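Engineer: For reference, the chains in residue letters:
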Amino acid sequence: QKEVEQNSGPLSVPEGAIASLNCTYSDRGSQSFFWYRQYSGKSPELIMSIYSNGDKEDGRFTAQLNKASQYVSLLIRDSQPSDSATYLCAVKNGDYKLSFGAGTTVTVRA
Amino acid sequence: SAVISQKPSRDICQRGTSLTIQCQVDSQVTMMFWYRQQPGQSLTLIATANQGSEATYESGFVIDKFPISRPNLTFSTLTVSNMSPEDSSIYLCSVDSANTEAFFGQGTRLTVV
Numbered sequence: 002q003k004e005v006e007q008n009s010g011p012l013s014v015p016e017g018a019i020a021s022l023n024c025t026y027s028d029r030g031s032q033s034f035f036w037y038r039q040y041s042g043k044s045p046e047l048i049m050s051i052y053s054n055g056d057k058e059d060g061r062f063t064a065q066l067n068k069a070s071q072y073v074s075l076l077i078r079d080s081q082p083s084d085s086a087t088y089l090c091a092v093k094n095g096d097y098k099l100s101f102g103a104g105t106t107v108t109v110r111a
Numbered sequence: 359s360a361v362i363s364q365k366p367s368r369d370i371c372q373r374g375t376s377l378t379i380q381c382q383v384d385s386q387v388t389m390m391f392w393y394r395q396q397p398g399q400s401l402t403l404i405a406t407a408n409q410g411s412e413a414t415y416e417s418g419f420v421i422d423k424f425p426i427s428r429p430n431l432t433f434s435t436l437t438v439s440n441m442s443p444e445d446s447s448i449y450l451c452s453v454d455s456a457n458t459e460a461f462f463g464q465g466t467r468l469t470v471v
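Protein chains in written order, with the working numbering: chain A, 2 to 111; chain B, 359 to 471.
FYI, nobody ran anything at the bench for these hints, they're computed from the structure.
Errors might be hidden in some of the hints.
What the hints assert, rightly or not - Below, computed lysine to any residue pairings styled on SDA-like, alpha-carbon distance capped at 25 Å: (1) A:K98 / B:E416; (2) A:K43 / B:Q380; (3) A:K98 / B:N408; (4) A:K98 / B:L431; (5) A:K98 / B:P397; (6) A:K43 / B:F424; (7) A:K98 / B:S363; (8) A:K98 / B:K423; (9) B:K365 / A:R38; (10) A:K98 / B:Q464; (11) B:K423 / B:P397; (12) A:K98 / B:T458; (13) A:K43 / B:S442; (14) A:K68 / A:G30; (15) A:K43 / B:V387.
As the list claims (entries may be wrong) - Covered by chain A, according to a simulated footprint, are these stretches of chain B (three or more residues, beta-carbon under 8 Å): (16) 391-402; (17) 444-454.
Predicted model only: the values in this text are computed from it and were never measured.
All C-beta atoms, glycine included, are put in the ideal place defined by N, C-alpha and C.
The task is simple: from the sequences and hints, build the whole structure.
Structural biologist: Written out as structure tokens, the structure reads:
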């Protein structure tokens with residue numbers, strides 16, 4: 002069983018729509034959760050971190066965490082063509098190490 | 359967040375040779391990590407670079423193939439030894455200063471021919 006699983010892509014959404022990305026993790030003791038955005042040929046860029054159950058909003062991005070269900074999601078509202086990228090879900094355990102999901106590629110159609 | 363400088367940004371190397379990648383941070387950080395991202399894949403942790411001691415390698419990675427140095431709290435190197443085409447990947451340095459958020463260097467795109 003993979004430690005971190007993301008919904009398979011690619012995900013194509015029209016400009017202005019909501020893109021919804023999902024992630025589940027296997028280690029119930031995980032404490033920290035992150036979403037990274039990676040443009041083609043670039044390194045991952047941190048866009049959201051979440052540590053407690055509930056929602057966390059930052060601009061057009063909302064992260065949701067449900068530790069009981071071992072589930073974390075990312076919503077991108079009012080999607081823009083510049084949001085077209087691969088989004089990586091990452092989970093950190095007590096040893097500082099990050100486990101990454103396979104990534105979901107999002108394409109925003111103009 | 360820390361500013362991370364990684365070099366070289368890319369290189370094309372002959373099989374059988376070695377390449378050393380450098381990672382420099384503008385502030386002291388507790389943890390430094392090296393990741394590999396193979397074409398079309400996600401990130402896989404190679405090892406944790408420990409300051410003043412031997413690196414801690416993940417399953418499937420060994421010191422003879424990927425020797426790592428970390429002489430101080432701001433600098434680390436990763437060497438890819440005796441390279442083969444299967445080593446063609448992006449190699450990424452990551453830092454984490456307070457067990458909160460991890461940030462990445464620009465990456466090194468390695469092609470082995």
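Engineer: All the hints need checking, so say for each whether the structure fits it.
Structural biologist: Structure-based check of each hint:
no. : hint            : verdict
1   : A:K98 / B:E416  : holds (10 Å)
2   : A:K43 / B:Q380  : holds (17 Å)
3   : A:K98 / B:N408  : holds (13 Å)
4   : A:K98 / B:L431  : holds (17 Å)
5   : A:K98 / B:P397  : holds (22 Å)
6   : A:K43 / B:F424  : holds (23 Å)
7   : A:K98 / B:S363  : holds (21 Å)
8   : A:K98 / B:K423  : holds (21 Å)
9   : B:K365 / A:R38  : holds (21 Å)
10  : A:K98 / B:Q464  : holds (19 Å)
11  : B:K423 / B:P397 : holds (20 Å)
12  : A:K98 / B:T458  : holds (11 Å)
13  : A:K43 / B:S442  : holds (23 Å)
14  : A:K68 / A:G30   : holds (9 Å)
15  : A:K43 / B:V387  : holds (23 Å)
16  : 391-402         : holds (count 5)
17  : 444-454         : holds (count 4)
The structure meets every hint from the earlier list without exception.
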